[in-house]
Structures are given as C-alpha cells and as structure tokens.
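Protein chains: 2
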Amino acid sequence: MEWITVDDLNDIATGATLLGTGGGGDPFVGKLMALQALQKYGPVKVLSVDELDDKAMVMPVGAIGAPSVSNEKIAAEEELFAPVEALKDFFQEKTQAIMPIEIGGGNSMLPIACAAKMGLPIVDADAMGRAFPESQMVTFFLKGYQPEVVAMADSQGNRIIYYPKDGEWSEKIARSITDVMGGNANMVDNVFPGEIVKECAIRGTLSLAKEIGATLSRLTDSASPVASLLNKLKGYSLFEGKINHIERNVEGGFTRGRTTLSGINQNKGEELEVLFQNELLLAKKNGEVVASTPDLICALDHETGRPITTETLRYGARIHMIALPCDPKWRTEKGIEVAGPKYFGYDIDYVPVEKLMGEKVHV
Amino acid sequence: MEWITVDDLNDIATGATLLGTGGGGDPFVGKLMALQALQKYGPVKVLSVDELDDKAMVMPVGAIGAPSVSNEKIAAEEELFAPVEALKDFFQEKTQAIMPIEIGGGNSMLPIACAAKMGLPIVDADAMGRAFPESQMVTFFLKGYQPEVVAMADSQGNRIIYYPKDGEWSEKIARSITDVMGGNANMVDNVFPGEIVKECAIRGTLSLAKEIGATLSRLTDSASPVASLLNKLKGYSLFEGKINHIERNVEGGFTRGRTTLSGINQNKGEELEVLFQNELLLAKKNGEVVASTPDLICALDHETGRPITTETLRYGARIHMIALPCDPKWRTEKGIEVAGPKYFGYDIDYVPVEKLMGEKVHV
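Sequence lines, in order, name chains A and B. Position one of the first sequence corresponds to residue 1 (my numbering), numbered consecutively onward. Position one of the second sequence corresponds to residue 1001 (my numbering), numbered consecutively onward.
The set of hints was computed from the structure by calculation and includes no laboratory data. Quantities reported herein were computed from a predicted structural model and do not represent experimental measurements. Warning: the hint list may mix true and false statements.
[Claimed, not checked] Restricting the straight-line Cα-Cα distance to at most 35 Å, the calculated cross-link-like pairs of lysine-lysine (DSBU-like) are:
no., chain 1, residue 1, chain 2, residue 2
1, A, Lys40, B, Lys1165
2, B, Lys1088, A, Lys94
3, A, Lys94, B, Lys1165
4, B, Lys1234, B, Lys1284
5, B, Lys1232, B, Lys1045
6, B, Lys1242, B, Lys1073
[Claimed, not checked] Sample of chain A residues lacking proximity to chain B, with all beta carbon distances greater than 10 Å (derived):
no., residue
7, Asp7
8, Asn10
9, Gln36
10, Asp50
11, Glu77
12, Lys94
13, Thr95
14, Arg203
15, Glu211
16, Ala227
17, Arg248
18, Gly269
19, Ala317
20, Glu333
C-beta atoms are modelled at their ideal positions from N, C-alpha and C, and glycine is treated no differently.
Sequences and hints are given; from them, build the entire structure.
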C-alpha cells in the first residue's frame, strides 16, 4: 500500500475494527472524518517503518475516552487537528509522519485525516498491534520510553499540553482531563524519532487491516466467511452464540461492561461471558477462561463475519466470537504486567490462546 | 511597604490568614517557603498597582487544592517555581511582576517566594481581596477577562500548560488535574498586562495584611485584641463560642466541612453554625444567617485574636467569629452570581453583613 485514498477507507476501517477487539473508537464516525479530509486535501502517502528517517519525529494520533461518548459526540475538524498543531513546532527535529497510536475502528481513521490535513505521510504501523484502553499500553512503554510531551483538545476549544513524569502519570492525567472534557478527547502522545519507532512499532498493521477488510468484503457471499477469516489470520473460534445479556457503564473516561451469550450450533447448551473495558478483554466459556488480554478477542457478526464494536453489541445478536494471538511484544514479562489480565483486576495468570485452545482446530 | 524582608513575613502571614477567611493555604508552610527564598535570594521589591507598566505582564501565583492535603504535602522549591518558569517566556511582553492570586495564609507567601527566586517585584494587590475556593472567582473574571493560558505543577514532576476556553473551564480543568495530582498543585493563571491589573486588582491587600498582623502582634497583651481589631477593620462580631462539632471531607480537590459553636459570654445559650469549602462561607446564628460569602467570615482565637484556618479549627477551641464587608467589586450582580451563597448551593439571597447586623455595634 503506497497511498491511502477514499477507496481504501472501508476496508481499513473494517479490518481495524476487528484488530481493535471491539474498541479503538467508532469506525463509522472515524471514516466520515477521514473521508472528508481525503476529499479536501487529497490522498495520503504511506511509509513503511523501514523508510523512516532515524532522527525526524513521528507523531502518533488518536482519540481517548469512552466509546459510548465519542459515538454521539463527533469531533470537529479543528478539535481533531489541534493537538497535532500544538506539538508540530515543539520538537526541533522535523515531524516526518503521522502514525495511528493504536489500530482500532476510529483510531485507524483519525490519523489518516490528520495526515491528509497536515500534508504528511502516515506510517504503516501502530504502537499496540490492536487497541487497548489505557494510554501507557504502548510498545514504547514496554521498552522504557516515556512520552516527553502530550497534547489534548476537546470540542469546547480547551487545549492542553503536558509534560508527564512518565507513561503511567501520562495516563492518569489524560484520563482525568478526558473525564472533565466530557468523556472524550483527541490526543497526541508518544512522539519519538524514527529510530525509536523502528525499535518499537508493530509493523504493517494498516496494511493488515486493509487486507482483512478486503477479505471480508470479498467473502460476504461465501458460505463461511468466519472460517475463511480464521484460516487467513491463524485465529481460533471461541464461541457461536446469541447475546442474552449486555451491560455498559460509562465512568472515569471508559466504557466498562460485560456480555453473555448462549450457544448455538457447535456451542448449543453452553454459555460464554465476555468482559470489556472499551476493548474485549476476557472470555470465559462455561466459567473457564478461553482467551484473555493481551491476546485479541473479537466479536464478529455470525452471518457476514464483519467485526462488531463493544458499543454495537445488542441483545439478541448472533455472534461468532474469535481470538487471535497478540504480537510477541505483549507476551514478555513487561507486556503481561502492563496489559495482562491481572492489570485489569482479573485474578488469573495469562495463558496464550494457542495453549488454552489446546489441540482444537481453528474452526 | 517598599520591600518585603524576612522580618515582614510573620505579620503578612497573620493578616493574610485573617483576610483569607480560614483558607488560602497554610500560613505556616507558606512562611517557611517564603523565608527560605528570601534568605537565599534577598528581599523582594513591592510595587503599587499604579506603578505598573500598562503593557508588561503580571503573573499571579498560588496553590490550588484541599488545605487538608497541602498542610501535609509541602511543595518543593522546584514544584513551586515550575509554573512560573513554564510561562515566563510565553508572553512576548516582558513579565514585570508577580502577584498573589488571592490573599490567604499560604497564598500570600508563595508569591513572595516566587518573586524572590525570579528577581521580580511583587504587586501590593490580589485578585480577590480575600481567598475563595475556585479559580474563576477573581476580579478579572468579573470584568470578563478570561485566562489565556494556565500553568500547573505537582510534586511528582508533572507539568501542565493549558489554554482554557474560558475561566469556568479553566477551573474545571484545574480542579480535575489537582485531584489527580493528589489534591494539591501549584498554579499560575490570569496573567494580564498592567493596564488590566489596574482595572481589576484589589489594591493594597499585602500592606493591609501586614498592618493587621502588626496590630495583632502589638495587641497580644491587650485586654481585648478582637475589639481593637474590629474597630480598626470596621468589622462585626458574629459570635463568641466554643467549638462543639467539626467535620471535614476532602473530595474533588477541596476540603468541605461544617463546624458548630456553643455560645460563651454575650452569646451564652446560643449556637453558631459555619459552613466552609476551603474558606468559611456561611454563618448561621440560631438558624438565622448572620453573614455569607462574598463577605468575609473569620475565626479568631478568643484570647489572642489571632486568625485560625479551617484546617486548625479544633473541638473545644474558644473562637471569636467575626465578619468583614467584602470589596464592592463582589457586591455587583456578577460578583454575587460568581461567588454569592447561591453559587455554593445555599438557597438564600445575599444580604450585606452591615444590613444583617442591623444597628448592632461593632462589638
């Protein structure tokens, strides 16, 4: 992928929604913003991580907050670009590119809109390889790199620049500001030079999102789109079921909740429980853990295989819940400490999904 | 007063604690910081408002948060100066002086420390003529001037600069950040040029604080220090009593509470209830309002006349509660809207203390 044009947005947003494990912002809203920017400013050049200049800076862009809020409170163009504008003259080294901070429905689209507006290329990578609810859950943090400066903006016209002590303080401050800003804000943090991006970023995730999206659009007529997808992604089928319960709670700048499904087809008579905090984090079948963060848990529409966000899970919907192994960077001791089940208060040890699924075939 | 030296600190802190109506930060902690700075950097030149250059900027300095926290979590020098350092190059116009944002125990002292460190004069004025709990409760705000930029710092090393939409948003953001910073932070906001300070500031409040302090230190042997003080300040005696109840609650970056007193001497058989949010805000004698914000309610030690902060009100203490009329700027429609009883949720109309006290003599 050398350029991103308006024709690519649907596929990228679909694939990124899957990789975003139900979170990472609303794909529909993000798509509208990216579409508008691409139409206004033209297509965006895509750089691979290897093409980055070692010294020039890469600016990660994303929205922060509760998806339940951002779905209804759509960012204006000015709000989206303000944090980038605020920081673009801060670093003496030139900004060479924009990057998604995470691959997720909306958060794959906002950086495209920003890159178009700024006339900068976008890096085909992100700092999570998925979406995560907290801002220190980035591969930079795993390697000990802390954000020197963070910029945020809201729909009211408030603009904030802060110099956090470290990544954990950055999250605390960002979350508190997000909360007072009404539960959603736009943000630039973890601005680093190309050499650090080369060391830390998870590569090719925009291309992967586009590929997944393209596969799904080709497969809508297929007898088993989910099976084809799992085969392609080396993923695992966790459960086929119908949602019989869904609860959400917007607090402290997050949407937290849980959903339960009663089994259909191969899972008839069984139950699946999935817990989420913006993203789907833990899945238990009949009380046993079958997948947990940092591995990816994704809800797909049972018929079409299209990914469903935590915000659009609805009572009665027929879902195929799948899991994908996370990037190896998250399976280190530090990775599990930062984003494993215990960090979120689930009192279990992380076990890779491949192990949990044992000898089970992919579908 | 042309210079502030170490010899002036006790008197200023005492008088400012009285004018701070029990809030405005801990005078003892503030005094230690000012003392250290004056010893290290020398005395501070005092400018009257009239001496200010119209165009150069004046930087108001103060701490924000719950006094219950700042008393125990004393700011390091670096934490105190960081917000000033952060903004001193922001304005193209030169910074000509430091100013207390409010006259209160600690918040009269921190600007002295900052002025000493920066080698800048201090303005003999403040933006409240007393202390108030929220940051938009300044005379600049009453005239429609909004802070363009605000800087904050905490003991962890976090530094924040923000550009609020207006004064009310500035308070919301500051309070939220203060809360996440542990309940206390240092702050510079409402930076304006000399001509706006001339229009808005309440003049001579540092001198007034020093005078009150000097009067009290001379009067400790007097038979009736409170009577002499009331006479000097044209204040009103509200109640003589003994504290029989005190409650405090630290939440959302404030200390809120109430105290009740049973009468002694002229008030034998009567009861006084006083409500506070950092500062003393409302006094009711036998259920009837006798004084309310924005007028000043001050708790004095019954024997010595020395002012007592809301933090040091203790069960069993003998108190002389007095009231002083606030500056006329607070008695306008806007002033009462911004800092009158209704703003704090007390369902009463503001009545000036002179009217409430009727024909009663000062003591």
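Outcome of the hint check:
With a C-alpha separation of about 28 Å, the suggested pairing of Lys40/A with Lys1165/B holds against the 35 Å cut-off. Restraint check for Lys1088/B and Lys94/A: satisfied, since their Cα atoms lie roughly 25 Å apart, inside the 35 Å limit. Annotation: proposed proximity of Lys94/A to Lys1165/B holds, straight-line Cα distance about 29 Å (limit 35 Å). Taking the CA atoms of Lys1234/B and Lys1284/B, the gap is about 20 Å. The hint holds against a cut of 35 Å.
Of the supplied pair hints, the one linking Lys1232/B and Lys1045/B holds, its CA atoms being roughly 27 Å apart against a limit of 35 Å. Restraint check for Lys1242/B and Lys1073/B: the C-alpha separation of about 29 Å stays at or below 35 Å, so the hint holds. No beta-carbon of chain B is positioned within 10 Å of the beta-carbon of Asp7/A; the least distance is around 38 Å. Chain B leaves Asn10/A outside its interface by the beta-carbon criterion, the shortest separation being 36 Å against a cut-off of 10 Å.
In this structure Gln36/A is separated from chain B by more than 10 Å, as the shortest Cβ-Cβ distance comes to about 24 Å. Every CB of chain B is more than 10 Å from the CB of Asp50/A (nearest about 35 Å), matching its label as outside the interface. Consistency note on Glu77/A: stated as away from chain B, and its beta-carbon is indeed over 10 Å from all of that chain's, at 17 Å minimum. Every CB of chain B is more than 10 Å from the CB of Lys94/A (nearest about 22 Å), matching its label as outside the interface.
A cut-off of 10 Å between C-beta atoms confirms that Thr95/A is not in contact with chain B; the least separation is 20 Å. Once the 10 Å rule is applied to beta carbons, Arg203/A is consistent with being away from chain B; the minimum gap is 32 Å. Every beta carbon of chain B lies more than 10 Å from that of Glu211/A, the smallest distance being close to 40 Å; the non-interface claim holds. Every Cβ of chain B is farther than 10 Å from the Cβ of Ala227/A; the closest lies at roughly 47 Å, confirming the non-interface assignment.
Listed as outside the interface, Arg248/A is consistent with that label: its C-beta sits roughly 23 Å from the nearest C-beta of chain B, beyond the 10 Å cut-off. Even its closest Cβ contact with chain B, about 47 Å, leaves Gly269/A beyond 10 Å, as expected for a residue assigned away from the interface. Interface exclusion of Ala317/A from chain B stands, the closest Cβ pair being 36 Å apart, more than 10 Å. Distance check for Glu333/A against chain B: the nearest CB is about 26 Å away, which clears 10 Å, and the non-interface claim stands.
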